[in-house]
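Read top to bottom, the protein sequences are chains E and Z.
When the letters of the first sequence are read in order and numbered with this note's numbering, they come out as residues 49 to 636.
When the letters of the second sequence are read in order and numbered with this note's numbering, they come out as residues 710 to 1050.
One should not assume that every hint holds.
Unchecked claim - Calculated pairs, DSBU-like style, for lysine-lysine (alpha carbon to alpha carbon, straight line, at most 35 Å):
| # | chain 1 | residue 1 | chain 2 | residue 2 |
| --- | --- | --- | --- | --- |
| 1 | E | 144 | Z | 749 |
| 2 | Z | 719 | E | 50 |
| 3 | Z | 719 | E | 174 |
| 4 | Z | 1016 | E | 158 |
| 5 | Z | 719 | Z | 749 |
| 6 | Z | 1016 | E | 56 |
| 7 | E | 432 | E | 158 |
| 8 | Z | 977 | E | 50 |
| 9 | E | 164 | Z | 1016 |
| 10 | E | 164 | Z | 977 |
| 11 | Z | 856 | E | 617 |
| 12 | E | 617 | E | 581 |
| 13 | E | 510 | Z | 899 |
Simulated from the structure, these hints should not be mistaken for laboratory data.
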Amino acid sequence: MKLKINNKQITGRAGQTILEIARENGIEIPSLCYHPDLEVQANCRVCAVEIKGRINLATACSTVAVAGMEVLTDSPRVRQARRTNLELIFGAHVEKCGHCSYFYDCELLKLSRKYKVPINRFSDRKQGRRTYRFDQAVEVDGTQCFDCRNCVTACARQGINYLEVVGSGINQEIRPTRDKSIACVYCGQCTLHCPVAAAQEQGNWSAVEKILSAKDKIVVAQFAPAVRVSLGEEFGLPVGTNCEGKIYTALKRLGFAHVFDINFGADITTMTEAEEFMDRWRQPQAVWPLMTSCCPSWVAYAEFYHPELLPHLTTARSPHIHLAGAIKTYWAEKKKLDPKKIVVVSIVPCTAKKYEAARPELKWQKRKLVDYVLTVREFAYLIKKHNIDFRNLPDSDGEKLFNRGSGAAAIYGASGGVMESALRTVAALLAATGRTKPSGSTEHSPDQRLEFKEVRGLAGFKEATLVLNGRKIRLGVVNGLGNFSRILPKLQKYHYIEVMACPGGCLGGGGQPIPTTAAIRRKRWESLYNIDKNRLMRRAHENKPMLAYYARIKEQNLGARLLHTKFTKKRNPILTSSVDKRKLPFAF
Amino acid sequence: MSKTANILKKISEAGLVGRGGASYPTAAKWAAVKAALKNKKPGYIIVNGAEGEPGVKKDAYIFHHHAAAVINGVYLAEQFFGADKIKKIYIFLNREYYQLYSFSLKTVLADRPYEALGEKTEFFIKPDRLTYISGEETALLNLIEGKKVEPRRKPPYPTEQGLYGRPTLINNPETFYNVSLAAQNRYEGKRFYTISGLARRPGVYDLPANLTVEEILRQTGNYPAKAFFVQVGGGASGEIFNDEQLSVPAEGAGSIMIYDKKRTDWRKLFKHWLSFYQEQSCGQCAICREGSYRLRELMNQKQFNHKLFDEVVQSLEDTSFCGLGSSMAAPLKSYFANVKN
Ligand code: SF4
Ligand code: SF4
Ligand code: SF4
Ligand code: SF4
Ligand code: FES
């Protein structure tokens, strides 16, 4: 199909919108409410274009192109309309630029510069609107929200529907539902799809900045599997670039005393979980299916919506909690440091971990194990704020006592990865105990499988049946909470189920860089599996320093306090709201 | 020729067009619904009789004087699609019209040959607050479905995917009335005009559709003696004409509102329009939600910022999601062009 955009002949496919065709051909059309993950809503009206023969302008995101169409994307009329619409949107968005972690990437600011939008002709009409905070994870700031509803749609896509559009016209407000049968599960998908950082993580970056300069603290950082393949996007590196080495350097430049890789913690999770699997495997009356629990959002979901499933969840702690425990006990001991002085900051692709870190079950000597949690976005903001030239940072390495984990740990960041990691170890454990002849200590017998490709991929729901040691294992993988209902009616069919709340797993997590789209998730995904492929050590149980820690904890009988956790039926999340009275300086 | 093809031919020959404001050819709409119903489950018919725009009262007049003909028109539509193809008929009214006219409509529906039709007809009363936006076809569908009252993205059009995703015919009572006339070869090319404001004989008149505004005012004895201007096609969205521009037909919903030129304070008038729009804006799209509010706000400023006002009006016309937002531009622009020197 041929059409003209800005007087240039262009080919598009039938059914594509003007916006899609233009972007494929490198023609820039601004957009705010458009997100390829979501159904087109076409309510910001910023993508307006002129179509020959049409009386009014058309929104490029919602208008399907037809052959012979002549489109102007940058005519004076178009530019004026965009400028006006942006100016109006600015009037509904209280600028908090000086405090906003989205400052360096803000599309609204970029567009307002590009279109020379006058921003002081209208007063801020949303001064005095409420900010709603969902436990300690996520917030929706009504003073900044311009009602595009992406968060509402993103939440609905998760199958939750916690956010609602209430009222009409200028009285419209995005707010949490009053329906007590619905609870936010902190996944942060709302924040990932908000174009103006009105729905965002509850920031911890300024608290971390403060504690970094405290004299009597040893502030250490640990970063999660999926952070390394996404952070580079914030600095213009190709999507999927593995920035492991630079991350160590950046964290040290920010002032962290030591840096750890949560992949090490993931290996602890795998070990604990695989052993639990084996325990059940040996019992004739075991509770099946076993379900993963390293995604705190999924745990929150189960605790609220399906408490009957809690006995199915593995009690293995999640990787960053494991590692924080190792840091505050084993590592502190070896280094002769006072654990009370150690402050652990997790850098994660996740908003739910902010909530998880505060869970009362996860304390050590009455203190939190993980003291602060930063999303990838907050981390990137700190790097930019401190003028660190990330692109040109040299690589460096972290704390030697704990390593960078196995390949199995790297794929924790992808849907199916947690299960595959556990299966690699389960296969080995089965081989060691079962009918197949155990091989030498480092060699694996040929039927000990390493890769489990059947649980990989970005499909919303995956299932497979394996035969290990002559017994069938039925597997189910839920990729994105919105797909949970697909497995619910047939849970009993399976032995092992993985659930990750975010589409794609943590590589599509609620704390990842904006934008995160299917194409971007795919690239991050490829990169994680490449890391795995290129690691010499690809199974958790081959991680010797991890095994040393693991053995030591068992020896000290601390398993219950450091390796396992418990779950309880939950009521509605803590919802707080307030009106921000501060007059914020306008830094532009 | 079959009876059903016959009615479509008659509608088409009579040249019937929608009378809610959009003037879409009736025959094309009916044909589209018929085609969409072909292989699908049954659809719906909606009588959109809840006019909410100031200065438009013709639906009330039609229900009052021609209830039987309106029902006959609905009946003809149902027969045209096939009774088994129509699941339900909704008669959409505001509270006042429901109180005044539902009794006579129900009486007609209880009689031959409409009993079966009456069985599947339901009255749907519009919530008071939603005067105008629910007149927008797709917003009306959302209202009946219990969703947030705001327009849907088009396509798909209601003729294909309307109420609950089924093909749906939505017509104004005037259209059903005209269909009934056309079926009996009695349609004379007339339409209903609502005349109000500075009028000596305000009311609803049934006159030829091709008259000019001046002819309508003179024939009804409403041509003012004082200096005046008119708003044609709706008391909010209608275009403004001065007394030298009256050789135009009265389009849209067919209303003529007469204003006293000397005594009309334009700021007050603009505030009146803009308050209406601000209240009626569903809030879905940024330009109409914010634009109506800011224009209203600009009217309070001592020094009127004409440039900014014009920019917002232009953007409303160019980029609104639905007709409500874009229709705001017509009165504002034409007032400046035609009345304010
Ligand atoms: S965090 Fe997740 S569940 Fe909570 S409001 Fe946002 S999208 Fe919905
Ligand atoms: S919070 Fe963000 S995503 Fe949600 S409606 Fe407001 S601006 Fe849009
Ligand atoms: S999938 Fe990952 S990023 Fe998303 S909520 Fe779960 S743990 Fe967090
Ligand atoms: S133009 Fe106004 S009424 Fe129409 S969709 Fe936009 S906000 Fe709603
Ligand atoms: S991006 Fe098209 S209307 Fe918002």
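Verification of the supplied hints:
no., hint, verdict
1, 144/E with 749/Z, "violated, 53 Å"
2, 719/Z with 50/E, "violated, 40 Å"
3, 719/Z with 174/E, "violated, 55 Å"
4, 1016/Z with 158/E, "holds, 25 Å"
5, 719/Z with 749/Z, "holds, 26 Å"
6, 1016/Z with 56/E, "holds, 33 Å"
7, 432/E with 158/E, "holds, 16 Å"
8, 977/Z with 50/E, "violated, 51 Å"
9, 164/E with 1016/Z, "holds, 16 Å"
10, 164/E with 977/Z, "holds, 33 Å"
11, 856/Z with 617/E, "holds, 33 Å"
12, 617/E with 581/E, "violated, 39 Å"
13, 510/E with 899/Z, "violated, 64 Å"
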